[in-house]
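A.B. asks: What follows is the residue order along each chain.
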Amino acid sequence: MARVITITSGKGGVGKTTTTANLGTALAMQGAKVAVIDADIGLRNLDVVMGLENRIVYDLVDVVEGRARLRQALIKDKRLPELCLMPAAQTRDKDAVSPQQMIELTNQLRQEFDFVLIDSPAGIEGGFRNAIAGADEVVIVTTPEVSAVRDADRIVGLVEAAEKGPPHLIVNRIKPRLVSRGEMLSVEDVLELLAINLIGIVPDDEAIVTSTNRGEAVVYDQGSLAGRAFLNVARRLGGEDVPFMAITDQQGVLEWLFGMIGRRRS
Amino acid sequence: MGFFDSMFGRRRDRSAQVAKERLATVLVDDRYKLTPEMKEQMKLDIAEVLARYLPSVDPDQIEVTLMRGEANDHLKADIPLRRASSDM
Ligand SMILES: Nc1ncnc2c1ncn2[C@@H]1O[C@H](COP(=O)(O)OP(=O)(O)OP(=O)(O)O)[C@@H](O)[C@H]1O
Ligand SMILES: [Mg+2]
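Chains as they are written, first to last, in this note's numbering: chain A, 1 to 266; chain B, 1 to 88.
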C-alpha cells in the first residue's frame with residue numbers, strides 16, 4: 001500500500017524542502033520506490049535542492065492540465081533509479097491547481113510508488129490545502145523558535161480538522177550548545193508545547209549548506225549529523241523503532257541525550 | 001532546578017524559559033481564538049460580577065491567562081483586592 005505523506009510547516013524557511021529531498025532520498029536508498037512532489041507552485045525549489053534542475057521539461061501543472069502525461073513529467077534521480085521528482089510549475093501561481101486535482105494526481109502516483117512525499121509551500125492557505133489534499137499522513141517541520149512553533153501549532157489544528165490523523169513532528173536546526181545553555185528551546189520544550197508525536201530531531205549542520213550547494217542530499221554524507229538524523233527519520237517512517245541519537249555539540253564537551261524523549265513516545 | 005540554574009537563577013531568566021512561557025500562553029490563546037480585546041472585556045465583566053460581592057476589585061489589576069495543562073487547559077484569573085481599611 002502506497003503512503004502519501006505531506007511535509008509542511010506553517011512558517012516559511014524552516015526546512016520543508018530540505019526534509020522532503022532527504023527523506024525521499026533516504027527511503028529510496030532503503031529500497032522503496034519514491035516520488036517527491038514539489039507542490040510549492042511558483043516557487044520551485046525541490047529540483048535545485050536535489051540537483052535535478054537541468055532535466056525539467058514538464059511540470060505538475062502540465063500534468064494536471066493534460067499537456068503532459070505523468071511519466072513524462074517525472075524526472076529520474078541521478079543516482080537512485082527508484083526515486084522520481086515531479087517539479088512544480090515556476091511561472092504559475094497556487095490557484096493553477098485545485099485540491100481535487102491533487103487528489104487525482106496522488107491517486108495515480110499510488111499505483112507506481114511505495115511513498116509519495118509532497119513538499120508543501122509555507123502558509124495555511126490554498127497552497128497548503130492543495131498539498132495536504134491527497135495526503136494520508138502529515139509531517140510538520142519546525143525550528144525551535146517562538147514564531148515557528150506557534151505556526152506549527154496552527155498547522156496541527158488544521159491537520160486534525162482535515163482528519164489526516166495525528167501529525168508527526170520534526171524539530172530542525174537544533175543547536176545543542178545553545179540548548180544546553182538554556183538559550184534555545186529544547187526538543188522536549190517543543191514537544192511539551194505541541195503535544196504531537198516526534199519523528200525526528202535534526203541538528204543545525206553546515207553539511208546541509210555544502211550538500212545543498214552541490215545539489216546532493218545530505219543523507220549521502222553519512223559522517224554528517226544531519227544526514228544520520230534524516231536517515232533515522234526515514235527508518236522511523238518505515239515503522240522501525242530507532243532511538244533518537246545523542247547530538248553532541250561541536251566541541252564535544254556537553255552531551256545532549258534523548259533517552260527521556262525516546263521514552264515519551266507512546 | 002539544577003545546580004546550574006540555581007547558581008545563575010538570580011540573573012535574568014534564560015531566554016529558552018521565557019520563550020517557552022510566552023509560547024504556552026500564545027498557543028492556547030490561538031486555539032481558543034481569544035484576542036487581547038476579548039481578554040480586556042472579560043476582565044471588565046469579571047469585575048462587574050465580583051462587584052456584587054467585593055467592592056474592592058479593580059478591573060485594571062486583573063490578569064487573565066490561559067494555561068496549558070496535561071489533560072485540560074486552564075483559565076487563570078489573578079484578581080488582587082484593594083485591602084479593606086482596618087477600622088472597618
Ligand atoms: N538542519 C539545517 N542546518 C543548516 N541549514 C539548514 C537546515 N535545515 C535547513 N537549512 C537551510 O535553511 C534554508 C531553508 O530551508 P528549506 O528551503 O528547506 O526550507 P523551506 O521550509 O522549504 O522554505 P520555504 O518555506 O521557503 O519553502 C536553506 O538554506 C537550507 O539549506
Ligand atoms: Mg520549500
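Misleading hints may appear alongside valid ones.
Calculated Cβ distances over 10 angstroms to all of chain B for the following chain A residues [claimed, not checked]:
1. 11
2. 129
3. 181
4. 182
5. 235
In silico BS3-like pairs for lysine-lysine, Cα to Cα no more than 30 angstroms straight-line [unchecked claim]:
6. B:39 x A:11
7. B:76 x B:20
8. A:175 x B:20
9. A:94 x A:164
10. A:175 x A:94
11. A:11 x A:94
12. A:94 x A:76
13. B:43 x B:20
14. B:33 x B:76
15. A:78 x A:94
16. A:78 x A:33
17. B:39 x B:20
18. B:43 x A:94
19. A:11 x B:33
20. B:33 x A:94
21. B:20 x A:164
22. A:33 x A:175
23. A:164 x B:33
24. A:11 x A:164
25. B:76 x B:43
Everything labelled a hint here was simulated from the structure, so no lab data went into it. Ideal placement from N, C-alpha and C gives every residue a C-beta, glycine not left out.
A.B. asks: Examine each Cβ of chain B, and state whether all of them lie more than 10 angstroms from the Cβ of residue 181 of chain A.
C.D. replies: Nearest chain B Cβ is 8 angstroms from residue 181 of chain A, so the label is violated.
A.B. asks: Confirm or reject: residue 129 of chain A is not an interface residue toward chain B, with every Cβ-Cβ distance exceeding 10 angstroms.
C.D. replies: 19 angstroms, holds
A.B. asks: Straight-line Cα separation of residue 33 of chain B and residue 76 of chain B no greater than 30 angstroms?
C.D. replies: The hint holds at about 16 angstroms.
A.B. asks: Beyond 10 angstroms from chain B, beta-carbon-wise, is residue 11 of chain A?
C.D. replies: 13 angstroms, holds
A.B. asks: With the threshold set at 30 angstroms, check whether the alpha-carbon distance from residue 39 of chain B to residue 20 of chain B stays at or below it.
C.D. replies: 21 angstroms, holds
A.B. asks: Given the hinted pair residue 175 of chain A and residue 94 of chain A, is their Cα-Cα distance within 30 angstroms?
C.D. replies: Violated: residue 175 of chain A and residue 94 of chain A sit about 34 angstroms apart, past 30 angstroms.
A.B. asks: Given the hint that residue 33 of chain A pairs with residue 175 of chain A, test it: the Cα-Cα distance must not exceed 30 angstroms.
C.D. replies: Answer violated: residue 33 of chain A to residue 175 of chain A is near 33 angstroms, above 30 angstroms.
A.B. asks: At 10 angstroms, judged by beta carbons, does residue 182 of chain A keep clear of chain B as stated?
C.D. replies: About 3 angstroms separates residue 182 of chain A from the closest Cβ of chain B, which leaves it inside 10 angstroms; violated.
A.B. asks: Check whether the Cα positions of residue 43 of chain B and residue 20 of chain B lie no farther apart than 30 angstroms.
C.D. replies: Holds: residue 43 of chain B and residue 20 of chain B sit about 25 angstroms apart, inside 30 angstroms.
A.B. asks: Does the alpha-carbon distance linking residue 175 of chain A and residue 20 of chain B stay inside the 30 angstroms limit?
C.D. replies: 16 angstroms, holds
A.B. asks: Between the alpha carbons of residue 11 of chain A and residue 94 of chain A, is the straight-line distance 30 angstroms or under?
C.D. replies: Measuring from Cα to Cα gives roughly 17 angstroms; hence the hint holds.
A.B. asks: Can the restraint linking residue 11 of chain A and residue 164 of chain A be considered satisfied, given a maximum Cα separation of 30 angstroms?
C.D. replies: 20 angstroms, holds
When held up to the earlier numbered hints, the structure conflicts with 3, 4, 10, 18 and 22 and fits the remainder.
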